[in-house]
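Once you've looked at the hints, dock chains B and C against the given chain A.
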Amino acid sequence: MANHRLSRERLLRTDTLLRSLQHLILALGAVIMVLPFIWMLSTSLKPSTEILSWPPQFIPKTITLDNYVTVFKTAPFHLFFLNSVLMASVSTASILVTSTLAGFVFGKYNFPGRGFLFIVILATAMVPFETYMIPLYIQMKNLRLVNTFPALVAPYLIMSYGIFFMRQNVIASVPDELLDAGRIDGASEWRIYAQIVVPLLKGAIGALGIFAFMQTWAAFIWPLIITSSRQLWTMELGLGMFQYRFTVDLGPINAGSVLSVLPVLIVFVLLRRNIVKGIALTGMKG
Amino acid sequence: MTATSLSRTGSLGERLATIVARLFHINRKLPILLIYLYLRVGPILTNFVYSFYNSSVANPRANFAGLDNYIALFGDRLFIISLRNTTLFAISLTVFSVSIALLLAVLLSGKFRLGGAYEAIYFLPVITPMVAVAVVWKWIYDPTYGLLNFFLSWFGIKPVAWLVYPDTAFWAIVWKLIGYNMLIFLVGIRDIPETYFEAAKIDGAGSGQIFRFITLPLLRPILVFVTVISTINAYNVFTQIFVMTSGPQGAPGNAVRTLVFDIYENAFRYFKTGYAASEAVMLFLIVLALTLVQFGVTRQRDANG
Amino acid sequence: MKRVERVALSAIALLLVASMILSACAPAPAPAPAQQPAAAAATKAPEAAKPAAPSDKPVTLSLWGGFPEMEPFYKHVAEAYTKEHPNVKIEILTHPLREFEQKLSATIPSDTAADIIEISMYANQKFIEADLIPELPANVKAFMEEKGRYSDFLQSNNTYKGKKYGLPLFVGRTALFWNKDMFKEAGLSAPPKTQQEMADFAKKLAKADAAGTLTRAGHSLRLSGQGSGVAEKWWFILWPLGGTIVKDAGNGKYCAGYNNDAGKQALKFYVDAVHVDKYDSHALKHDAEAFELGLAAMLLRESWVIGDIAKKAPNLNYDTAPVPSAAQWGRITNPVNLYVTRAAKNPEVAWDFAQFMMKPEHMNWLLENVGWLPARGDIDLSAVLAKIPQFKAFVMSDPNYKEFGYPVIAPFDEIMTKLAERLVTAYLDKSLANNPDGIAKTIEAAANETNEILKKAGLYAECK
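Same order as they appear, the protein sequences are chains A, B and C.
Read in the working numbering, the first sequence has 211 at position 211, and its numbers run on one by one without any break.
Read in the working numbering, the second sequence has 298 at position 298, and its numbers run on one by one without any break.
Read in the working numbering, the third sequence has 179 at position 179, and its numbers run on one by one without any break.
Isolated chain A (complex conformation) (with noise of 0.2 Å):
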């Protein structure tokens, strides 16, 4: 006893000097996290001449929208904002549908050849977009789908890994015993699915969610490919217009950034609970 309390003295000095470094450490790890945003919002408000100045000022010595009125003036910007949303929106919604329903399916039936196909599927995600690409863009081309917003969208409708990250979600958080109940019941299928299986995944769907959503935001090279006039466009294609063959146009590129980084912020923190959440329910169980 009196043992441990000597050593309790100990740690609680060591404690307290630990916390003090635990405090130290992640303060250090948010400023290292959080800097390239600040810097990248700093550089958007500062005009060219001071962007390049030494030493660099983290506040704007005048501060104006300049760029972003270039960014406006350089391109429909509004235009591109809105099938970046349209884009992500819809390619969120309809992975969400994919992945809920056979990650259900392989969570929760037996069938021939289950282990087969899932495997599949996480192979399938594991093949770079870059090397199916071309295949692809052909495929399109014959049901004369080049430069429509169904092409656009069709390689983000469904995620592989969105499949294996619901089937792990299934897995932990959708009893059988519920499923049961609710077969005893005389409930079809579908409606287990839908009154059942969907709220328990109510977390993962939006953990998944933001993940399609940024996922589908972030895509560069299939819309360049797909799309022959700029009114496809979205954000993240307009993007490169400011970085030049030879120059970057920092403000304006900064400008920009800012402005695709913005919306996928919004969602981010309207959905941070859910995510946290959606994470915990999947239990991770393997």
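Bear in mind the hints are in silico, worked out from the structure with no lab data behind them.
Ideal placement from N, C-alpha and C gives every residue a C-beta, glycine not left out.
The hints are all genuine.
A few chain C residues that face chain B, going by a derived Cβ cut-off under 8 Å, partial list only: (1) Gln102; (2) Lys126; (3) Thr417.
The calculated lysine-lysine pairs, modelled on DSS-like cross-linking and capped at a C-alpha distance of 25 Å, are: (4) Lys158/B with Lys430/C; (5) Lys158/B with Lys207/C; (6) Lys268/C with Lys247/C; (7) Lys278/C with Lys158/B; (8) Lys345/C with Lys75/C; (9) Lys61/A with Lys312/C; (10) Lys158/B with Lys204/C.
Same frame as chain A, now just chains B and C:
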């Protein structure tokens, strides 16, 4: 539909309906599977077929080449370099992004006021589009006006040509990935019943001991999961490197040449469609093997535990 | 169960329909160019020989380019063209270059590219070899072959197997940019004439702070970066010394042209600049930006920098000079051409518009407002030259001042890219300073790789 209309007519129909019922789950999966086949498996298989051809831009299936592309792969210096780089890259990316994330999660796991804010801040880079990440990091790494060299100048360090070195891209990617892993770990730690920690404290265990003997073992399944996902992602890293190293002041190619980068260059710059396809197949096989091994490990552990 | 299945199916259907509807709500996209049988398209182009007489039927032309800074020019000429031909609508789309190549590799083989594409011959070579780009129709060919209109170099550059492809629009040509104030400050009155002078001047022009950190490069060299640019800039130094990247060995075969003294000297030039004479450093900003910001006294670059300086550093006191000579005297010329693709529904109109762009007044506009040099050699540019004298060094001609450029062989891009990677590594390597053996080894290894690539493409023959 035929099944139900038949079921009205008699026992044969009923039997058919039962069969349909058994197959139901597959049926329901059918539309998704079809979309899946069309949008993923189809193009990927097409690509695999190309790998057996000595293809040109005009006609991807110009001359059947058998295994020539695969044989050529192993005599290709750049392929070997990329394979080595990708593996090194995947290992270091996984090690750094997992260990730093774990450390942060442990530090954040206690209850304190700013916890939520920290969570949000660390997660911010995860959701930021890569083009924006590349723009801002390249700007921070700028040799003459960059923020990083400015900070280093406080300590009397001479300007460093960050963009010339491939590690530059690496750290920006670590920066982007940490938040995701951290959040998963965090949730895992919070799932561990409080009583475990309390009991350990009463027994006089220090923070280090608590981490070693309680947090880490209980976190193991999550650790495995995060490592799997990180490794897979690392093998797939392309856009990040592509965007980070572009431009006349960007990094040299070989040093950051990952497999996907090499595939990209062979396919799009040099138009060796078949050759690039064979590289893609190799990549696929490697990652598939990795996944199977990791699955095996998890399953075994599940069985043991 | 049947119902479930139906519901699931209809959910998917709904989703697809929803996306269609959404797409309809989005501002109407341009219709995808209709496909036509390749054979028909291939025969169509040469047939368009009859004098272009665009009718009144509504025509939509699309043009894709890889140089975003060219967009104002295209808009300018498109406006002028539609004034004359109100039935023609022109859509212009430019892309940052590296991504543009990807787009072309997806769209050209599948005949979904724009009607007119702007690209260099060497980047387009792979498509031409694959017979995916139609040759020039007779009337355009006649326009191009008009005596004095395009230099012999441009004529031969755009010829493949005896056929003419692409109409040269502008050229990338190099000259030496030098900062007058810095020269004056260093007691120098004129730009260097020889490569030796260029290095000597650079040493005098470089500046370092008390700690020995270079704060101004005497000459901003391309030391890093992705893609073939590094090798191209090295070529600027290599060529005057008597070397080249690949040498014509006759019979359409080639060999590495730098595994010689010129190659070693050219690499030494760079290594010395960074590690011996230290007038350039990796830890400095580079390229046009550096020159504009006063971080470099000299720079070898194309004429677009003039336009860029006017925009970003209008007060910079600078001039341009011909590329300094060594054993020979010359500069690189990279032509950028217009091609009408197989996807074009109205190739006659497309070619008519392309030729319209080449009008002298538009070429003057291009030089003055964009800064790229008109490819045509039969145009009076004196008005613009009087206004912006810095263009003079770019358009000057002298029988001894030679032009060299990318040979039109498909693997050249791969050769340059792989050579560039080796050069970047070499520039970083301190151990190469005052190390002739190391330099010789580096050059030999690179040349072997170049020859290897040529061999694989069936284009190799031993030189001499």
